[in-house]
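Asks: Residues per chain are reported as follows:
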Amino acid sequence: MFNSLWSWLCSLKVAIVLASLATSTLIAGSLIMPGHMDLFGSMDQMPLHQWWSSVGRQAPHLTRWIWATGLLLALLGLNTLCCFIDWLQRIRSRWRKTGEYLLHIGFVLVLCGYFWGSSSGYREKMRLAVGETAGVVGRSGVFLRLDDFNTLDDANGRPIDMLNSLTLLVGDQAVRQKAVHTNHPLTYGGLAILPLSFGSDLAGFRFFTGEDGEIELTERSVLPLPNGGSLRVLQVAPMVIRDRSGAVRPSFGTRPANPALELEILYENASVWRGWYVLQESPPFPLIQAGIRLWPTGPIYRNYSLLAVHYDPGAPLAAAGGVMMLTGVLIAVCSYYGKRRLGDRPEIT
Amino acid sequence: MSLLLDTHLYLCLAFGLYLFACVFYLRAWRRQSDSALRAAQWLVGFGFAIHTISLALRCWKAGYLPVTNLFSTLFFFSWALAATYLYYEIRYRLHASGLFVMFLNLLLLAGTLMSRDPLRPLIPALDTPLFTWHVAFSFLGYAQFAMAFSLAVLYLAQRRLGSERLPTPTDLRKLNEESIFLGFVFFSLCMLIGSLWAYRAWGYYFSWNIKGIWSFVVWLFYAGMCHAKFVKRWQGSGYAILSIAGFGIVLFTYLGIGLLLSSNHPLG
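Protein chains in written order, with numbering that gives the first Met the number 0: chain A, 0 to 348; chain B, 0 to 267.
If you're looking for bench data, these hints aren't it; they were derived computationally from the structure. Cβ coordinates follow ideal geometry from the N, Cα and C atoms, glycine included. Be careful, since some hints might not be right.
To give an idea of the interface, some chain B residues facing chain A are shown, with a C-beta separation under 7 Å as derived from the structure [as the list claims (entries may be wrong)]:
id : residue
1  : Cys11
2  : Thr169
3  : Ser187
4  : Arg199
5  : Gly202
6  : Trp207
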């Protein structure tokens, strides 16, 4: 009973049937894709499990082929693994097939790595300004710092690549430092961090003060007041709106259409006033009362980089499988002619 | 001097030599002439040498292996097919079988003669040796699959004709198996290097774009074929038919997706 089940699991014919079915399912599925790009267009933006739960399940009749292919490939992987174990048991008489069977086990590892990564990985985006440090999504205690950012421009001045100097920190310990650009990601424990896009956003404003000349106020700037207190910048908003009651609140938009600074006046560490200075209007009375005059002269922009943070726990396993496949392919091709000369041909089923 | 560096001129010359080789192969086939056969083989050899000079000049001018668009990949595919054919011809003496392969090669090369492709600097995503090796192994694999297709057609023809000018069906079957195996080896290298490149460029090693899926289909199909040769029922005509069907999948992956569908794969 067990022997016949084992023979069936190792069967060459089963492998061919499963490979043929997986091929046919993939062909049929891939022909559905072009007509439903609203559904399939986001497949590369997230791991398969996430795509399925957020997008794929909305149209099960169009995405069922992915499950079918996954099942057929899992069965093919099982068959391939059984063939490899069967070969290991007979390695003394079949050692000439080492290359071919390394290819088999490599394929199994790549499949396992892909299934693992697809079921428990994630793909997120991180926006970092130069000098900023932020926690990596999904990895507590891991931080990323953008030390510097530049673009590589072509002869017409058009940016063609993004050069990010990144430092990866675990706690406060720097564990990786790398110049990340196209084809050069920062990798660490299944994480891959790549440049995605870039831009600049409003960081603050330059003001003319009269006595001190020009000063720069950005988020968290502190300005000493003439009467002993201090002025703190809480927030810089590129766009604010005033509602019916006259209260100011930030609105959507990144262009400084109606910019404002949320400020706080402190005396002996106690807040005495907190409010908005809408730059297109006259300064708020508490500011004038505190003896400070601020005339806005221009915006301050800072570069930010948009980074892709991909976590694939199966990637190291898939890489090991890839190395095995590569070794297997090279051994198989080097030994092919020798084996053919010896007439070493497997049993014909 | 500029004429000597004109890659298009060399390409036209190679096309002419391949065309004459086809004429001589046809003559050798019809009149059973050994001298015509030898002339055809020499013409293919000279044509390949000129073709190689043209490719080397394009590499030298561009600073990279130019395989970034349909024109340049047709050019490289044709070169790889000629190299593959010469390998089989020198090693196994295919004789008049060359007519069919060289005719296929002429079709590929004719596509490149239609236009002149200006060499542009590589965009950063493609400016990596991984890209060059990925595409080179891909087309070396395609060339072997094209060879397998030609041998399969000849196998089916030979079983009907029983011509003395062609290798025996057994030899054609073995050559077909060899070209499928070598094609699978090259294509596996292409897939492995492509996966590594994709991981470094986009952070994932398998992309669900149509070209990615069909490339996996090609790999899986030929992996199945490497096993099918051990199944008695699939040997001979069955295997030849599979080789023909497999080349259909290859052609769709290479040309069909780019021309009929859209894909976000870097090469369409």
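Asks: State for each hint whether it applies.
Replies: We went through each hint and held it up to the structure:
Hint status for cysteine 11/B: violated, given a least beta-carbon distance of 32 Å to chain A, over 7 Å. Checking threonine 169/B against chain A: minimum C-beta separation of about 13 Å lies over 7 Å; hint violated. Satisfaction of the interface hint for serine 187/B is found here, the shortest Cβ-Cβ separation to chain A being roughly 5 Å, below the 7 Å cut-off. Residue-level restraint check for arginine 199/B holds (minimum Cβ-Cβ distance to chain A is 5 Å; threshold 7 Å).
Annotation: interface hint on glycine 202/B holds; nearest CB of chain A at approximately 4 Å, less than 7 Å. With its C-beta approaching chain A no nearer than about 4 Å, tryptophan 207/B sits inside the 7 Å limit, and its interface hint holds.
Violated hints for the displayed structure, listed by number in ascending order: 1 and 2.
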